Amino acid sequence: MNDLLMYPAYIDGKDVEHPQGRYVHTVTARAVLEDTMPALALKRDLDAGLTDPRTAGPAVVGGCALADDRMATDALEAAARAAPEWARVPLRDRLEIGMRIGERLREKRDDIVELLVAEGQPRDLAGPTLDEYWRADFSAETLTWCASQMQTTKHRGCGGQAIVRRVPDGVVCVNPPQNASTPNALFGATALLAGNAVVVRAPRGVPLATTHALREVVVPVLEEAGAPTGVLNILCGPPMTDLWLTSPHVNDIVYVGGSAKGLEFERAAIAAGKKPVLELAGNDCVVVWADADLDSAAAAITENFRQSGQICNIPNHVIAHPAIADALLEKLVAAAAATKPGYPDEPGVVLTPVLMADAYFADIADAVRRGATLLHGGRRLEVDGTPSDTGFFVEPAVLRVDGFDRARDMPAVREETFSPLLPVVVPEEHDGLFDEIVRFVNANRYGLRNSFWVQDESLVAEVAAGVTSGGVVNINDSHSAFRPFLPTHGGTGLTGGVFGEANYLMLRTTHLQGVNINRGGAR
Amino acid sequence: MNEHSVVLRTPRPADEVFDQLLHPGRFADAATDIESVAPSDDGDRYALRFRGGLARWTQRTEADHDARVVRFQQVSGDFVDFGGAWEVEPDGTGSRVVHRVAFRTSVPHLAGAIEPVLARVLLRAAADVVDALAGPAELLSGALTDQKPSEHTALAYAAPSAGAPLQPTTIPRRPLGPNDVAIDIRYCGVCHSDVHQVNGDWGRELFPMVPGHEIAGVVTEIGPEVTRHAVGDRVGVGVIVNSCRSCDKCADGMEQYCADSVETYSDVDSYQGGERTRGGYSTHIVADEHFVLRIPDALPLEQAAPLLCAGITTYSPLKHWQAGPGRKVAVVGLGGLGHLAVKIAHAMGAEVTVLSRSLRKKDDGLRLGAAHYHATEDPATFEQLAGTFDLILCTVSGLSDVDSHLTLLANGGTMVCLGITEESMEVSVFSLLQGRTSLAGSQIGGMAETQEMLDFCAEHGIGAEVEVIDAAQINEAFERVVAGDVRYRFVIDTATMTAQR
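Protein sequences, first through last, are from chains C and Y. Counting from 1 along the first sequence, just add 1249 to a position and that's the residue number in this note's numbering. Counting from 1 along the second sequence, just add 655 to a position and that's the residue number in this note's numbering.
Next up, chain C with everything else stripped away, as it sits in the complex (with noise of 0.2 Å):
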């Protein structure tokens, strides 16, 4: 008998099973790509509840309970009953829990990297991405900068007192995406630290490493320091944004997932009364000048590559100087053809199953018409690398792309085609290439992230100044890393929406309000 992880769903402190007792289990990723229509099938029998997952063997590694109406609901009112409790127990103690679940992640990290891979997550990306959690979202840096924004306040004659401060919107739902659940849900759960409460729905295909990390990491914590129950919920079941676009109990809507899905989802969440905060697509440009670092600027390129560039925060495309492009070109040319296929577990690799691999060639088909160079890729590949019709993986792309005429109209350059796939912009050199090239960048529509790879002080100063867009930009540093202190999430434009900036949750989960207290007799 297999020793399975099976998790009820977590809502006001108690395990609820589904009334028809129905889980939705986790065969492992590794089934699926050695054997995929009797790993499917098996799926299916025990979603059905037609086999017992006990004695399924080791392709089954648990599951989680599915949630219906009814359990989505209660986990509504018992986050809306917890809030106003929960809001009043002093922010040095929540910042006490925050910096604790960080430590109590650190601790767990291993085994819910066992449960990321069984979900599909390469090992070598998985562990890492834990690691920035405890490191940044999670870390005293980030926390007490985030309680230093929280309350301000200023003493008036006779004892008075005026306050500014920034007080927790009550119930906030987060929703994460099924290609990053885990770090998602992680990040929700900071929301709780800004004196929320919050519940959490974890995707159908990837909900046990999500499930596990909050049960096993936030939960103890937040039982341990006597946090009122239902003050964080956790459950599995399809998409519940309509519900809690309509329930009187939600104040904030956590959204991550594709731009133009999430757009309409703003809208109605304002129409609704909602709060909504959006994770949204990135398009992430990096920028190499002539005299970058060229090894350390391709290698953050290459991150790219992670996950087959299913990730929002990862470089979607490249302005190459003239001078150095074609020496990057190369190392990247050499990078792509290093990254192999693989099973998750298996060290070294980096890529998964994609997606929407049409898009993969189409974007590149279209890029080759509109006058771009493929330099590397664009052959669908089986798990031990070969080439084949049938494959779930592509060979990462390396595409040239010359002037920015031909790059302002290019898909594969404008939006993000969340697949392997890196055009180089190379322009023409020019005596106001520089400013151009912040122009491009600003233009971009959407707002995740930039990188910069310059030295020349002067310049670094005019990249700081003048780019203006995104939640983040990078100079000569990893593109993706989440840096304590700094954000990890958030953008503008496309990846923002209207309201969007750089994401603290304790930030966004909150509202301004000044509190006036006079003592001196009213003048």
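Hints were generated in silico from the structure; no laboratory data involved. Only a predicted model underlies this, so the values are computations on that prediction, with no experimental measurement involved. You may find that some hints are simply not true.
Below, computed lysine to aspartate or glutamate pairings styled on DMTMM-like, alpha-carbon distance capped at 25 Å [to be verified]: (1) C:Lys1510 to Y:Glu658; (2) C:Lys1524 to C:Glu1334; (3) C:Lys1510 to Y:Glu770; (4) C:Lys1510 to Y:Glu1131; (5) C:Lys1510 to C:Asp1317; (6) C:Lys1263 to C:Glu1579; (7) Y:Lys974 to Y:Asp907; (8) C:Lys1510 to Y:Glu1032; (9) Y:Lys803 to C:Glu1631; (10) Y:Lys803 to C:Asp1638; (11) Y:Lys1017 to Y:Glu1032; (12) Y:Lys803 to C:Glu1579; (13) C:Lys1510 to Y:Glu1134; (14) Y:Lys803 to C:Asp1651; (15) C:Lys1589 to C:Glu1283; (16) Y:Lys803 to Y:Asp907.
Chain Y is faced by these chain C residues, among others (derived, beta-carbon under 8 Å) [what the hints assert, rightly or not]: (17) Ala1606; (18) Ile1613; (19) Leu1623.
Think of the CB as a built atom: it goes at the ideal place given N, C-alpha and C, for glycine as much as any other residue.
Assemble chain Y onto chain C, guided by the hints.
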């Protein structure tokens, strides 16, 4: 459930092809993807080779011999759901075979990777079955391999079947012939007839359909014998892309009336080896230089695009019936055609009157160049204006009271119908006798005349009034066209076209 389909053509007659499909026991020998098909009491047991393993299911099959349709449905097997159909229909002396499958699997977070590949194997097996048992089969639509990077591929929006919403897709464009011009499409207008044809209203449409015949763009490449256009030129393509070029009409520069002219989309170009034509809701097009027009620099491309259909459709009759100083011209309907008719007739020097259902757009009409504006919902209009106009351009489709409009013509005047409808119209002969009036029609214009129109519009600063939309808004725009909610033409910014995602 997503449906996946493949369309094949074979030279064998439909009944013979259909008969072969009734014997699945032969399929395994015909298609390497099929490991085995074995009959059983529950149905046919299939084993399909898939990525080194097998997909297994048992399906129940029903054949409708009269319709030449075989429907099948999984009764047990590896899918959550699985079903589909074979459809065979005669096509000339041969036949067309459609194979459709729809299925669901159980791993949502990998479905995007698994299902298209699984569909590919199922469709490839079906194509092999037809090819081996009733072939040779030619693939008409459906992708069995990945798209290869090619300069001949364009992104496009297509309606997969009559009435279906337009979806992003990719289409082939032919390699450049000696007289061909390759055009990077920048803008394409949305014409009401696009909506009709996507809906299959005229009964002769070919699907999947890429609509669009108001195309404006820039030349990216020219064939060796091209003399009229150069790389970088601003150019347009309108409603037709070919004609016989030997009949009297072609010789007179009226290619649009050639019996064998080829429309820009939803047509078959017999001069290009029977190539299916695909229109301007697309990033690129290749066309014979004779049917490519020069767009003068003074015209912004987005405003020029609608001139290629709406502009020439109104310019040609205005010129033919001599709109000009001293002539009174009425324009019925102030929409995509009507607003250009007003601008052009005014620029020609005619005294222009708009006849619209209501006075809602009166300010617009006067701004565009009309001297008068009357509501046709007001019966007094017809009394007041009786016997007034030398020329009436009717830009609405399906005008219900033709007779009362004819009473507005002066002696010897002409009413020209431009709006297209599949309905026939009722006219009393008396309406024509009294005043020796004419009821006429007119259809776009010849190539030389279209060029003349573009030059005229540039000279007079006439462009269409447009609302530029992203490709993703096309279906919404169609609804708004039907509702009459556009001032006055939607134009698609093709730079916003992206691959299906």
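**Prompt:** Among all the numbered hints in the text so far, which are the ones the structure does not match?
**Reply:** 6, 8, 16
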